[in-house]
Amino acid sequence: MTENPSELRQPGPIISRREALQATAGAAALAALSPASVAAANAPAAATSTVTVTVKMTVNGRVHTLAVDPRQSVLDVLRESLNLTGTKKGCNQGACGACTVLVNGKRIVSCLTLAAMHDGAQIETIEGLEKGGELHPLQEAFVEHEGLQCGFCTPGQIMSGLGCIAEGHTGSPEEIQFWMSGNICRCGAYPGIVAAIADAAGRS
Amino acid sequence: MFPFVLEKPQSTEEAVAAAVGGARYIAGGTTLVDLMREEVERPERLLDINALPLAGIRVEGEDLVIGALARMAEVAADPNVKRLQPVVAESLIEGASPQLRNMATMGGNLLQRVRCPYFRMLDAGCNKRTPGSGCSAIEGLNAGHAILGTSDHCVATHPSDVAVALVALDATMRVRGPQGERGFPVEELFRLPGDTPHLEHSLLAGELIVEIRVPGGPHGRRARYLKVRDRASYEFALVSAAAALVIEDGVIREVRLAVGGVATRPWRLRDCEAALVGKRPDRHVFEEAAGLATRGARPLHHNAFKVELLPRTIVRALEMAGEAA
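Protein chains in written order, with the numbering used here: chain Z, 1 to 204; chain R, 1001 to 1325.
No lab work stands behind these hints, which were simulated from the structure alone. Every value quoted in this text rests on a predicted model; they were computed, and no experiment measured them. Among the hints, erroneous ones may be present.
Here are the simulated DSS-like cross-link-like pairs (lysine-lysine), alpha carbons at most 25 Å apart as the crow flies [as the list claims (entries may be wrong)]:
id, chain 1, residue 1, chain 2, residue 2
1, Z, K56, Z, K89
2, Z, K56, Z, K131
3, R, K1279, Z, K106
4, R, K1082, Z, K106
5, Z, K56, R, K1008
For the chain R half of the interface with chain Z, some residues (derived, Cβ under 10 Å), not all of them [said to hold, decoys possible]:
id, residue
6, F1002
7, P1003
8, V1005
9, E1038
10, L1046
11, N1050
By construction, the Cβ of each residue, glycine as well, lies at the ideal position given by its N, Cα and C atoms.
Just chain Z, with the same shape it has in the complex (with noise of 0.2 Å):
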């Protein structure tokens, strides 16, 4: 225990919450594994390996060429493979919208979408909005309506928000809450989203 506040401060550079969940979990999974499991694992192609397919994706703009394995959802290789992490994972059954982007211009839900079948893809996702440290529209209506409590949903919301927009679904409170219906809140902050989408799409 101590009384003095500087010495809580963490020794060394400050990690972020992320970067010390990965690297616990990493060494959690390792200690975890059985030695068998390990020799297993490092056998050359057994049964159970799978063949990666090489994809060329655009996300936000830039291009990247990815190995991935076919199992792979576009969602697990934005957040895996190119640390994209803004885009979440709710239900990871197409069921909660979180994980909502567009996917060459069109909303889709990027936890059953396979990235193996998406080569060539122009990808948009919630960290592309930003430009020149100006949010877009939609992210500052979403913060003016206070569209959001927890935020967990909210990059899917937008993302979502984007697609009705571009769809023509806002022409009254009522058509917005029917077509924003694949993403769920689950604080309940859907007036404020509705509001959030009715303003941004009156703006441009």
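Mind docking chain R on chain Z? Use the hints.
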């Protein structure tokens, strides 16, 4: 998810040949990826068919021809679909979420697997997933299950909305197999569960849906889809009805009626249709005809409410169709 090999056939012939050898087709992936992750589906070879030229929507005479790879959202927004068969657009918009509608194809929509929770619960018996393992829904949580077309082996409903509209409209489909193409009514795609609920459709080994044809006619303009569910959007139907009417001189000349959410396949109601032809369209006539829909119904512990909700939904759908256009 179990490992698999992904192939990308560049022609329909190539795709069919590979499928005959045991590979599975994948297009939108909204059903299959989900079930593969749950390990309910374990294909070893997948055929990504998105490069095949099967995505168009065209008009031939009065008929609407929809490619199997057309996305639900594209079909729902197509001006010809909205003009000639608005009930197809309406039923599509009532199905899934905007994101899923951008992904899912028409062919895949028809072939989607059931939403029975026990089907995706690997430690529960399910004759559809594991033949002979029993049906957990019959004595389980079955509020969402079927009252028509059920067997002692399976009571799951077919989950598609647009299939209900297509069956009502006498739509047909073309499929390509190793022996060439053949066509048949969409209604005949779907099998009753009987004692083989794991066999869900009438496609032969390797057959691929090519296109769906919706025949035109005056009924198209007076057709509506009503979906009753636990919340106002993005939910599967408890009961749904597609109804089309042709009324001349105040008399019903033609009726098309099919229902969803209540049966093990999209359920055409020809007895109800016959009871309406030649009558004046009013609530009493609609109620009498709708009463025929539940003959032979086998309600379960939690879904007996559908026996009452079904005729009410039919009456309301017929009223909506009568008010349309």
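Consistency of the hints with the structure:
1. Proposed proximity of K56 (chain Z) and K89 (chain Z) is supported: the alpha carbons are some 23 Å apart, at most 25 Å.
2. Straight-line distance between C-alpha atoms of K56 (chain Z) and K131 (chain Z) comes to about 24 Å, which keeps the hinted pair within the 25 Å bound.
3. Note on K1279 (chain R) and K106 (chain Z): the hinted pairing is violated, with a Cα-Cα distance of about 47 Å set against a maximum of 25 Å.
4. Distance check on the hinted pair: K1082 (chain R) and K106 (chain Z) sit about 21 Å apart at the alpha-carbon level, within 25 Å; holds.
5. Straight-line distance between C-alpha atoms of K56 (chain Z) and K1008 (chain R) comes to about 16 Å, which keeps the hinted pair within the 25 Å bound.
6. Hint status for F1002 (chain R) relative to chain Z: holds, with the closest Cβ pair at about 8 Å, below 10 Å.
7. For P1003 (chain R), the interface hint holds, the least distance from its beta-carbon to any beta-carbon of chain Z being 4 Å, beneath 10 Å.
8. With its C-beta approaching chain Z no nearer than about 7 Å, V1005 (chain R) sits inside the 10 Å limit, and its interface hint holds.
9. The interface hint given for E1038 (chain R) is met, as the beta carbon of that residue sits about 8 Å from the closest beta carbon of chain Z, less than 10 Å.
10. Annotation: L1046 (chain R) was flagged as interfacial toward chain Z, and the flag holds, the nearest CB pair being 8 Å apart, inside 10 Å.
11. Proximity of N1050 (chain R) to chain Z holds as hinted, the smallest CB-CB distance being about 7 Å (cut-off 10 Å).
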